[in-house]
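Participant: Listed below are the residues making up each chain.
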Amino acid sequence: MTTVTLDTVQSHKESFLTTYVFSMDHKMIGKQFLIASFLMLFLGGCLAMAVRWQLGFPDTPLPGGTLLPETMVDEDGFMLPEFYNVLFSMHASIMIFFAVIPLLNGWFANFVLPLQIGARDMASPLLNMISFWFYVLAGIIVLSGFFVEGGAAAAGWTSYPPLSALAGMGQTLWIIGVMILGFSSIMGSINYITTVFKLRAPGMAFGRMPLPVWAIFITAFMTLLATPVLTTAMIMLLLDNAFGTSFFLPELIVSGELTETSGGKPLLYQHIFWFYSHPAVYIMIMPAFGVVSEVISVFSRKPIFGYKMMVGSLISIAGMSFIVWAHHMYQSGLNATAAKFFMFTTIVITIPPTILIFNWLATLLGGNIRLRVPMLHALAFLSMFMIGGLSGLFLASTYGDIFFHDTYFVVAHLHYVLFGGSLFGIFAGTTYWFPKAFGRMMNQRLGQIHFWLTLIFFNLTFFTMHFLGFAGHMRRIAEPMNYPFLESTQGLHTFITISALILGASQLIFAFNFIRSIFRGKEAPANPWDANTLEWSVKNPGHGNWGLSVPIVYHGPYEYSHPEVLEDFLPQNRHQSGII
Amino acid sequence: MKEDGYSGWWFPPNISANYGQTLDQGTAIITWVTMIGGIVVIGLMLFAVIRYRYRPDRKALYLHGNFKFETTMLVLVTVFTLGGEFFVLGEISEGVWDKIKYQAPEDAMEIEVLAEQFAWNIRYPGDDGQFGETDNELVDEENPFGIDEDDSAAEDDVVTRGLIHVPVNVPVKVKLRSKDVIHSFFIPVLRIKQDALPGETIDVWFQAKETGEYHLVCAELCGLGHTTMKAGFVVEPLEEFQSWLEEKSEE
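Chains as they are written, first to last, in the numbering used here: chain A, 13 to 592; chain B, 0 to 250.
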């Protein structure tokens, strides 16, 4: 064990630039990820509102539409179909790559992981800083697509060739941006893995690690193994798009002209892309599994039920996530026998998440449940993720998928998992760790209002979309009223749009509460939730986290309501004879 | 005459004579299973939250788990998931997936569907039942398939744009192709969907049991005109179909 003295910890002076901009402190980098990703979340949300406006009120010009350039709207402010394609493509890309993944794997991982294992910082603070700035660079490149000729990427977040390979500058920038973001993820994941292996505080055995650490640690392995595959796909797509190769392109006839491409396979891209993107689906939610486990245990005042089973489930999800990718491709022209194999693996991968859900329920039963704001979000996560998982069954069956594939049913399903799951998990964790990150409490009343509005209007918006799916309503079409069999869905669309607008507006309450609490919130005690994990033992979050020496860990993180302890919690660094 | 209208909370009309009914039954079973599963879990959660709400004078149960209970749970979940889902997805469907993807009847009527940005081209082989040779070099506005006029089999080929007619109660096999990007062949009333890949020919088959005017749409994002890419899909008695085809071949 190396002891770092107070002197070395506080020896170097920090300027404004090194404290807030090019910081190498893991807490500051975590907060940078938080703020940057929230800005992206806001932008992605605005794009979604525009998409919904087009579908809900196709006969009314986009509000403020006349201010947009003529590549996006016509002279009366009505949206052009090509801009609609840009909107949903960029909405999904921003939400997935620049909001959900960095919030879970940038904000939580950076802020929480070192604090919970009793480390003074990440194994490589420099790599950590570079990782954040690669994320910023990637974001700037992808967003700059809005300002080039032809507009930003419009081939969906999956960007299937030949469509993406034939597209213009905006798409090229998208490919480069996603590639650079991949580097950021890889750097981050190496750092998280090394930190967990090397920098745990004395006594912090693997079996005593809090579940958020486990979840981030396991996710980092998925990121490390899967992201290089995505990078490969992006390099090949970039060559096809900008340098005339044909990895994914056979001979084509595009607007009457024979292309010079030959010999490529469009399906190859889908295999490579989903080989990354199915593990990525779990990269987008697994840290939230950990966060929610922590929050449920803390606010139930009860040990998490089946700790080892939880860790085992997370590991098996991570392992199996690499052999289910082609269930996104049942109707793609994939060999039908191969599809049966992927249906089998997809059925098997439902088992560990079911175990997680049962363990969360078992943790709640017999608890002493405090419904504070983080807990409300965690419970919403549990129930909404459950619905999202169940609706996945319709799509997991090879033949159920025939009808529902590429309809609004998929849109409903993925929003239940990514919004109902990941985003509620992000709200749970952000409201939970806010006091540690900013030293102040968030306003509880505003938090409750935001939670209930979000829960209600989220369901009104997205549950309704299942019925559009049943109607056979295709995704990604700007003018459903072009189709006689969809004409009577206009009422439903208008209803969804109104719900979505209220859902969007409700997020402003969160934004207001968040910003106001940073400056004006009630001062937070060191351990506001009476929790056990090490981050709450940091009194004065400065450089290096703990003063003289890092804490010593005496027992596991979930010793709540122990009969031999007076209080209903027992911090990991507090020694109590007989409890290990 | 039937149409493919929106029916409210459930599927549009189902005119499939072969596997479409099985698909809807399978979906109905999955719907019941998932609804019950969802209600039980969310109900249990709400019960726990209300029954075990915070009281300052009470301490929660100190329980880290129970090896026997957890193992039993794991076994039960595994058996239920694998058994239940294989029953629903495997047995009930009686290999419906294979039927859809592989087992087109020998005597099916063949047509060719060629997707392009943003239209559906359809080719009927005509009386000889043979498609004429095609060549990508010959493709132009007038000849979307690039049919080689020198080939004798090509003489009676009939090409339409944006309109498919098929006879009722006759199995139809579609040879699906694409010129440019990926499209997806989707006829909601037949519960059929298959992506069209450039450079590949993929077989799709169906059999319609009710006459009417329906639609074929594109379900895969294919570019800026994706939102307009549809074709009329008309199911009619065999005689009417034949006279329509004759009429078309004279044009």
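Source of the hints: derived by calculation from the structure; they are not laboratory data.
Note that the coordinates shown come from a computational prediction; the quantities given were computed from them, not determined experimentally.
Hints should not be assumed to be uniformly reliable.
Derived DSSO-like pairs (lysine-lysine); straight-line CA-CA distance at most 30 angstroms [said to hold, decoys possible]:
#, chain 1, residue 1, chain 2, residue 2
1, A, Lys534, B, Lys58
2, B, Lys98, A, Lys352
3, B, Lys67, B, Lys98
Which stretches of chain B does chain A cover? Using the computed rule of at least three CB atoms under 8 angstroms from a CB of chain A, they are [said to hold, decoys possible]:
#, stretch
4, 19-26
5, 172-185
Glycine is no exception: its CB is placed at the ideal position from the N, C-alpha and C atoms.
Participant: Going back to the hint list, which numbers does this structure go against?
Facilitator: Hint 3 alone not satisfied by this model.
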